[in-house]
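Undergrad: For reference, the chains in residue letters:
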Amino acid sequence: MSVTTDWRQAAYIAGQAADARVNVELETEGTTLNIGPQHPATHGTLRIVVRLDGEQVVWAEPVMGYMHRGYEKLTEVRTYPQITTLINRIDWLGHFANEVPFILAAEKLMGVEAPPRAQWIRTIFFEMARISNVALFLGDMGVQLGAITPVFYAFRDREHVLNLMEAATGGRFHPNYDRIGGLKEDLPKGWVDECKGVMKRMRGFCDELDDLLLGNEIFQARTRGIGVIPKAVGLSYGVSGSNIRASGVDWDLRRDSESPLAWKSCDWKVWTHPDGDSFARYWVRLQETREATKIVDQLLDSLPAGPIMAKVPRIIKVPAGEAWEHTENPLGEMGYYVVSQGGLGPIRVKIRSASFNNISITPWLLRGVYVPDVITILASLYFILGDIDR
Amino acid sequence: MIGALHLAFWQTTAIKVAVVLGIIPAGALILGYVFLLKMMSHMQSRLGPMEAGPHGSLQLIADGVKFLQKEDIFPERADRVVFALAPIIVLMSTFLLYVVIPVGPRLSVQNLDIGLIFALAVSSLSVIGILMAGWASANKYSLIGALRAAGQLIAYELPLILAVVGVAVQAGSFNLQTIVQAQAHGKIFGVGAIGNPYILTQAVGFIIFIIAAQAELTQTPFDMPVAESELVAGFMTEYTGFRFLFFFMGEFGTAFAFSAIGATLFLGGWFVPGIHGGLADIVGPAVVFAKVMLVAFLIFWMRFSFPRLREDQLQAFAWKFLIPLSLVNIVATGVLKVAF
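Keeping their order, the protein sequence lines are chains A and B.
According to the numbering used here, the stretch in the first sequence is residues 223 to 612, in order.
According to the numbering used here, the stretch in the second sequence is residues 2 to 341, in order.
No lab work stands behind these hints: they were computed from the structure.
These numbers come from a predicted model, not from an experiment.
Yeah, the Cβ is synthetic: ideal placement off N, Cα and C, and Gly gets one too.
Errors might be hidden in some of the hints.
Said to hold, decoys possible - Examples of chain A residues toward chain B, derived with CB under 10 Å:
{"hint": "1", "residue": "Gly237"}
{"hint": "2", "residue": "Gly276"}
{"hint": "3", "residue": "Met363"}
{"hint": "4", "residue": "Ala369"}
{"hint": "5", "residue": "Leu434"}
Just chain A, with the same shape it has in the complex (with noise of 0.2 Å):
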């Protein structure tokens, strides 16, 4: 073996023979934390059984399945205008944006285009729906990392987009407002100007947090490096949505699936970034909800007139058959497998959310990292516990 001339590598070899010393000296015993069912980072009954030694994860396991609602198994005693306010449910946050892939895949297998003006408004509320979710991320990540000023910002800004979703559909957090065909009704006087004033507020909050968080030096320092998804893993978990985008994947449903809604009319940008760790995820959650409020303002602008429903039965039959839909939900890749047999409700769906993928990675993700770091990462990977137990 030749001696090694370089300083860097002497002191890494120093280093190991070190650690291995008080490796052989100290035989510790690990600590098995469990983090969870409940508790404030996990937001919901998500459980992870992590084993310490010291302050260091050694392994690391979800243990989902405390809020199973048994959606897939619900949805096979519905009709499909009941399933809507169903789905609603899974991701509450993103709540209209759960509803639009189910409803395309039965327009799909009955053979139904919804009207323009009803695409238009769908693809407006969707965006809505992704501006209200990530928002409070935005700030909930905050208060995981221990600064609990962000989140009443989210919090206070985000009321102005629920107070418009309420004004068009009457509910703020399930509207159920889309309908096979198109939309249940048309918006309201005066709808149009107030989003676009709701929508520059939504950008001042993005700048806001931009200040306030993003460019925090402990925020940075708590962040950067953090967590980090290689591509190749990623994709091999599953992971969707901002959490690949954020690992340089360049794929966003929005823009390369064939949808029929409204976002190929409009000028906007799939934000991505090299790193793939915690800061990120956050990074490009905050470019998105930018990038969704100008998307916002652009289909207000050229919202085309024109009824808001197409001609469908008054009962809702969908012939036999099988589609598949999925859209980019604010959380990721949400679809549905809808499977018919010609009655008044589906024989069966699958409906693959995208939260689910996304916390399967955590095993990988967790090991050796810090406590903390822990919270960090699920914090950044962001995920509602809806969506993983459906």
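Chain A is already provided as a structure; the job is to place chain B on it using the hints.
TA: Just chain B now, kept in the frame of chain A:
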């Protein structure tokens, strides 16, 4: 006490005890109300408590009464004696801090010659209580929190002491009263109109002091021992009722005391330009209070704005940045002291 009065030993002692017993809860309440409830709320675009008393000012008293009514719960596998003693030790260290803080030329509970060293020494007693609490709770979160607290307080004790050494060098004394007098009679380039508050000459020391005090108080950015979002309040997790109240009072009482020490060392304590002699004894407490609020504002402002560091980053920050910086500060102070 006041020179004209001649009181027996037991009378002065009784007054001192009453003052200390009154000031600590009052200080904790004032800081808790003004900063934790109101300032934080307004910074976060909300109102905070508004119902109990005018503008919610009695909210903390109502909370205190509520805490007293709560059941005194011991965890099943807790070490009962240690568990019960821990909050008392934490609070005791807070009480001892108040002993040496002067609020007037002749107003201080005990005018110790080593007052500064005494204050910093007793403030680190609280870590024993925190370790006891964490160990006796028989809870893994509490234990991790307590060990973090121990590591953190040891690391930040050093910059705290080194930061105030500059002041001691400049004033030539560890006696807090003498330090205030030195600032009162100091001159800036021969002009003695506003004295010489050491924040001007010891600005670096003041910044280090505020940062280290923040860590000693386990407030955000250095609140890993309590870290709500990861350790669920750390060493306090298992405490309920009045035992939790003890920790709460200890936290804010210590914040008040550290602000008072900061005000004494760097802002000139009870000294305000133009007031000397007997009058200073009367105005002094109000002046100290105003300066305390100023320093506390800085501390709480940081607390509400920053995210939390990680434990290893905190240690690196203390050992690799704050301690070298404060050593440089001491050397510079010494050189300048000799030069002038």
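Undergrad: Next, verify each hint and record whether it holds.
TA: Now the hints, each set against the structure:
Given the 10 Å rule on beta carbons, the hint for Gly237/A is violated: about 15 Å separates it from the nearest Cβ of chain B. Checking Gly276/A against chain B: minimum C-beta separation of about 9 Å stays under 10 Å; hint holds. A cut of 10 Å between beta carbons decides the hint on Met363/A: the least distance to chain B is about 9 Å, and the hint holds. The closest approach between the C-beta of Ala369/A and any C-beta of chain B is roughly 4 Å, which is under the 10 Å cut-off, so the hint is satisfied.
Annotation: Leu434/A was flagged as interfacial toward chain B, and the flag holds, the nearest CB pair being 8 Å apart, inside 10 Å.
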